[in-house]
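Next come the chains, spelled out residue by residue.
Protein chains: 4
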Amino acid sequence: MLDKYSIRTDLALEEKERFESDNVEVQGVILEEHYDEEKEIRVTRVRIETEKGAKVMGKPVGTYLTLEAPNLSVPDEDYHREVSEELAKYIQELIETNKFNKKDVSILVVGLGNRQVTPDALGPNVVDHLTVTRHIVKEYGKYAMGMEHADMLSAIVPGVMGQTGMETVEIVRGVVQETKPDLIIAVDALAARNSKRLNRTIQIADTGIHPGTGVGNNRSGLNKESLGIPVIGIGVPTVVDAATIVNDTMENFITALESSKTLKKAGEVLRSYTAGEKYELVKELIAPHLNGMFVTPKDVDEMVNQISYTISEALNILFVKREEA
Amino acid sequence: MLDKYSIRTDLALEEKERFESDNVEVQGVILEEHYDEEKEIRVTRVRIETEKGAKVMGKPVGTYLTLEAPNLSVPDEDYHREVSEELAKYIQELIETNKFNKKDVSILVVGLGNRQVTPDALGPNVVDHLTVTRHIVKEYGKYAMGMEHADMLSAIVPGVMGQTGMETVEIVRGVVQETKPDLIIAVDALAARNSKRLNRTIQIADTGIHPGTGVGNNRSGLNKESLGIPVIGIGVPTVVDAATIVNDTMENFITALESSKTLKKAGEVLRSYTAGEKYELVKELIAPHLNGMFVTPKDVDEMVNQISYTISEALNILFVKREEA
Amino acid sequence: MLDKYSIRTDLALEEKERFESDNVEVQGVILEEHYDEEKEIRVTRVRIETEKGAKVMGKPVGTYLTLEAPNLSVPDEDYHREVSEELAKYIQELIETNKFNKKDVSILVVGLGNRQVTPDALGPNVVDHLTVTRHIVKEYGKYAMGMEHADMLSAIVPGVMGQTGMETVEIVRGVVQETKPDLIIAVDALAARNSKRLNRTIQIADTGIHPGTGVGNNRSGLNKESLGIPVIGIGVPTVVDAATIVNDTMENFITALESSKTLKKAGEVLRSYTAGEKYELVKELIAPHLNGMFVTPKDVDEMVNQISYTISEALNILFVKREEA
Amino acid sequence: MLDKYSIRTDLALEEKERFESDNVEVQGVILEEHYDEEKEIRVTRVRIETEKGAKVMGKPVGTYLTLEAPNLSVPDEDYHREVSEELAKYIQELIETNKFNKKDVSILVVGLGNRQVTPDALGPNVVDHLTVTRHIVKEYGKYAMGMEHADMLSAIVPGVMGQTGMETVEIVRGVVQETKPDLIIAVDALAARNSKRLNRTIQIADTGIHPGTGVGNNRSGLNKESLGIPVIGIGVPTVVDAATIVNDTMENFITALESSKTLKKAGEVLRSYTAGEKYELVKELIAPHLNGMFVTPKDVDEMVNQISYTISEALNILFVKREEA
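Residue numbers (our numbering), protein chains in the order written: chain A, 172 to 496; chain B, 172 to 496; chain C, 172 to 496; chain D, 172 to 496.
Simulated from the structure, these hints should not be mistaken for lab results.
Hints should not be assumed to be uniformly reliable.
Same chains, same label: a pair holds when it works inside one copy or across any pair of copies.
[What the hints assert, rightly or not] Computed cross-link-like contacts, DMTMM-like style, restricted to lysine to aspartate or glutamate with a CA-CA straight-line distance of at most 25 Å:
(1) Lys469 / Glu455
(2) Lys260 / Asp207
(3) Lys309 / Glu473
(4) Lys309 / Asp299
(5) Lys367 / Glu253
(6) Lys274 / Asp247
Here the structure is a predicted model, which means the values were calculated and not measured.
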């Protein structure tokens with residue numbers, strides 16, 4: 172497959188899939204899948220367990236959970252509530268997997284991305300809908316919340332470098348040093364390889380956000396190395412990389428050639444190319460002006476709006492309302 | 172050229188260009204170009220004079236002015252003011268060309284598009300920055316404005332069908348019937364074929380906005396037929412149709428084949444395809460999921476922000492401050 | 172009471188209350204109250220039945236329902252859902268009271284107010300959260316909605332005169348003539364007399380929106396007279412008129428004088444003033460710069476945000492999801 | 172004057188004025204005024220030179236410049252440019268007064284306030300319109316800017332405590348520690364005592380932002396003590412404290428009593444009250460529900476919009492375009 176080399180994806184699931192399609196076993200990478208028929212939610216767990224696996228996957232060692240639910244962007248309050256509850260459960264799993272299990276924790280939610288660009292506004296929107304509690308717990312104590320245990324939730328929208336003149340990691344690191352949270356949850360819009368992932372996918376990873384991810388291309392990662400505390404990354408694909416289209420066109424073209432009478436031969440020659448050769452070819456075909464461009468659906472506003480509510484609600488369930496039940 | 176058949180553009184200039192590149196004279200279509208070296212502004216006038224020309228161009232009979240200025244999205248207040256003044260001049264030209272030259276006119280500006288989707292928010296943003304005057308002139312008379320003559324400027328952001336449940340033309344027609352403007356200026360975000368047009372192009376046409384135009388695909392046009400009064404359309408390309416990428420990839424691919432040793436033959440065969448054959452091929456290659464998607468640059472927020480100010484300022488110069496000078 | 176004459180309120184309930192406090196029976200005005208203890212929702216029905224009652228109340232003949240629920244602005248999804256359901260029930264009641272009971276109706280929701288001024292943004296926000304259906308029913312028929320009956324919901328945010336140069340009624344009348352809805356529901360932010368009404372009150376009236384109402388002072392009413400079809404007004408107090416403070420200060424001052432040794436006499440004299448005399452006094456005390464100013468709480472953003480969701484949800488329940496249950 | 176004790180103002184000028192009106196010399200406080208007739212700009216310099224003066228004024232030792240220009244909120248680009256240039260000059264003066272005069276400085280602009288509440292959105296809006304340069308200078312060097320000297324401008328919108336769960340000073344202190352700016356410029360919306368100050372006043376102070384200032388009441392100050400580097404505060408009154416209205420009503424009431432036949436005596440008694448007595452009286456009259464409320468004009472959106480542009484432009488002139496001229 173050509174796309175193996177050339178097309179960027181922020182989803183571990185998609186990275187794994189392309190090996191699947193080649194029937195290649197990736198050493199050090201384990202995949203588990205679970206489908207809840209009633210709720211129509213599919214959860215895939217990709218565990219990258221070794222540095223070797225990490226190298227092949229182009230993603231750090233850690234656990235990547237992918238929730239897929241059809242019509243995540245359709246307005247249906249009850250369904251969204253269900254997804255929020257599932258999401259809360261899996262975020263909790265990742266927290267516990269990382270033996271991060273103390274009570275009354277302080278969590279900082281970081282809403283990454285650019286509020287002014289619709290497909291990149293997911294992170295800021297999630298923060299807009301959160302119920303922060305750190306200032307109340309700090310001032311009145313946890314009993315003010317009517318709870319025996321109370322996590323402290325704080326949140327920030329750091330903005331993007333073109334607006335702040337600062338790297339996001341500089342801002343977040345400063346805030347971490349001052350306010351000493353135990354854990355960061357960073358929410359970001361992602362780029363998918365396959366446009367079918369849009370509108371239906373949420374990825375949660377205990378590896379944070381790594382460099383080069385997201386619609387606006389964060390230059391430096393947010394993770395335990397850069398921030399000193401665990402970082403759980405929640406990502407939602409809202410765009411497709413423009414190079415995807417080039418790749419898909421190529422693949423379709425080769426297929427078309429193969430089924431043509433006169434050009435069948437050329438198709439077969441191209442099909443026989445090694446991955447490296449195809450990579451070079453696609454690189455050549457990608458017009459330079461495609462850099463810095465993204466592909467997004469026309470109803471991106473509804474998608475971002477609905478999914479950001481679902482994620483905020485999951486975080487509110489997990490950290491604000493936990494003890495009420 | 173493949174693009175002749177397959178790729179949508181809202182710019183008359185680009186429609187004309189592809190015939191140029193084939194050295195085809197289009198009967199009934201006249202092109203004039205003027206370049207102001209000092210201001211670095213290029214103005215192209217495409218006049219579609221006959222129904223035959225209209226058919227070939229896929230655009231109605233009328234005059235299409237295209238202003239091209241480099242770095243329209245770079246923040247430089249003085250430069251933008253200059254462009255606004257040029258723009259005002261050309262809007263005025265179109266008004267006069269249409270023998271629409273009476274004094275104290277009433278103009279309704281319609282800001283088309285979806286405020287929530289960044290590349291489609293140009294029209295609403297232009298209206299946000301306008302200085303409307305109709306209500307003041309109506310209440311206090313033109314002398315309240317300190318002027319001998321006073322145009323009445325009104326403005327509306329009708330929203331898109333997914334938000335209103337109504338066709339834009341229904342809303343505008345209703346408002347026209349109630350408030351009786353003499354002229355409509357409709358501002359919309361457009362799709363270009365060539366991504367180099369983004370950030371630097373403004374099109375003004377005396378044919379209004381025709382169906383299927385814009386980022387969000389207006390289903391029915393705004394023009395003299397549908398509204399009963401002249402409509403000047405101001406359009407700014409903010410996205411590129413996803414199909415453009417497919418087409419460019421194809422062209423690059425054929426060139427690559429031609430210069431290859433083993434596949435040279437296939438390249439030559441493809442090159443020799445008739446336009447119709449190429450069209451069929453590209454149609455086949457366009458993945459169905461590309462429908463309803465658009466390609467836009469990552470800094471689309473700055474582009475839309477700067478250019479909408481430039482257009483508002485042009486309209487303010489033309490209709491609000493005209494008599495002050 | 173001084174406030175009887177001087178202080179503006181858009182709430183029929185408050186208008187009625189001041190007569191109550193004077194033990195005055197207002198002929199032609201009937202008040203009923205109902206309190207649902209479990210849901211903590213109080214509903215008051217003010218029926219103005221005669222022109223005489225209308226004159227005394229300063230509001231047109233019709234039914235005014237007021238829903239009061241504590242903490243309408245506190246984020247609690249379940250509670251808001253309950254209020255939405257009650258609200259839907261009472262809107263339905265007003266529709267039926269007006270013998271407006273046919274099936275498959277077409278409703279136009281008008282979101283009044285200025286999107287850019289937080290306490291005035293309620294109407295536009297309600298429209299933002301609506302699920303419009305008119306275009307879908309028109310294109311695919313009601314069976315596309317999976318329903319036997321389908322109302323058609325459309326919506327518009329007309330903007331305010333300072334942004335459009337047009338009276339709101341001109342825009343809405345035009346849209347009504349073009350799209351022929353059976354019924355209008357107009358949503359607006361209101362001014363209350365008592366700041367305790369903020370955050371907890373929603374008024375529904377079958378008399379539409381009358382002139383001079385709202386944060387931004389609509390100059391002309393939206394009602395059956397001006398639009399030709401029934402108009403149900405939904406109003407939420409988000410500001411208090413600045414004059415309220417003057418009045419409250421006066422009242423408190425007179426009380427303070429009465430309980431003072433040296434100034435007791437003056438207090439008694441003031442207390443004995445006729446309503447007319449007090450009115451003149453308060454008018455004198457209102458500093459002219461207070462005109463055009465309003466008083467609003469610092470957390471107005473949360474209030475407007477929460478309540479607008481509750482109202483949208485009520486309208487979605489009533490007109491979109493009705494047949495699904 | 173009653174207002175001496177009871178009414179909050181964030182403007183040093185207003186604090187000084189009330190002593191003026193009592194013909195009281197405040198030791199340690201110097202006032203200079205300058206009026207530019209042509210530009211219609213009045214500049215007042217209040218210098219609090221001693222701790223004693225600071226105590227009386229309720230504001231820290233330092234220099235407070237107030238620029239007053241009529242119609243700051245009227246859209247007139249040329250006039251705003253003029254004010255921006257003046258403003259730049261006076262910000263520069265304060266920088267130099269503080270012997271802060273090195274070249275190639277790094278400035279962090281902090282946009283205080285709540286983006287969601289119109290009169291509090293001034294700070295965030297100013298940051299939205301800034302041209303930040305720190306990341307460019309850091310990556311490409313100052314020659315990339317085409318300049319011999321290049322300041323590095325960075326900016327942040329920290330949000331308010333109800334949205335972040337953190338004190339603003341915590342966030343800013345963290346960012347300062349990470350990015351090491353030489354100087355902070357903090358922009359905030361202020362409360363004035365006199366509503367005539369709205370729409371026409373900008374205050375610049377070399378004392379930063381002190382606790383309890385602004386529409387949303389910052390709980391902790393941003394200044395050299397809390398942040399370790401100089402802080403210049405730019406403040407614009409966008410609201411009037413609700414207590415102002417109570418006070419004004421009282422004053423008007425006493426005047427009305429004095430000119431009445433029957434109540435003249437009471438008026439005189441009240442007039443003869445000591446300041447302390449009057450203070451107690453007003454405190455009693457202020458209804459408790461007024462806490463947490465503010466008074467703002469209906470066209471607050473235009474005011475905030477225009478003035479935020481003027482301030483951004485001043486900062487762009489000073490730190491971005493300085494070397495181009």
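Now for the hints, and whether the structure bears them out:
no.	hint	result
1	Lys469 / Glu455	between (29 Å within a copy, 22 Å between copies)
2	Lys260 / Asp207	within (14 Å within a copy, 36 Å between copies)
3	Lys309 / Glu473	between (36 Å within a copy, 22 Å between copies)
4	Lys309 / Asp299	within (21 Å within a copy, 31 Å between copies)
5	Lys367 / Glu253	within (22 Å within a copy, 36 Å between copies)
6	Lys274 / Asp247	between (33 Å within a copy, 24 Å between copies)
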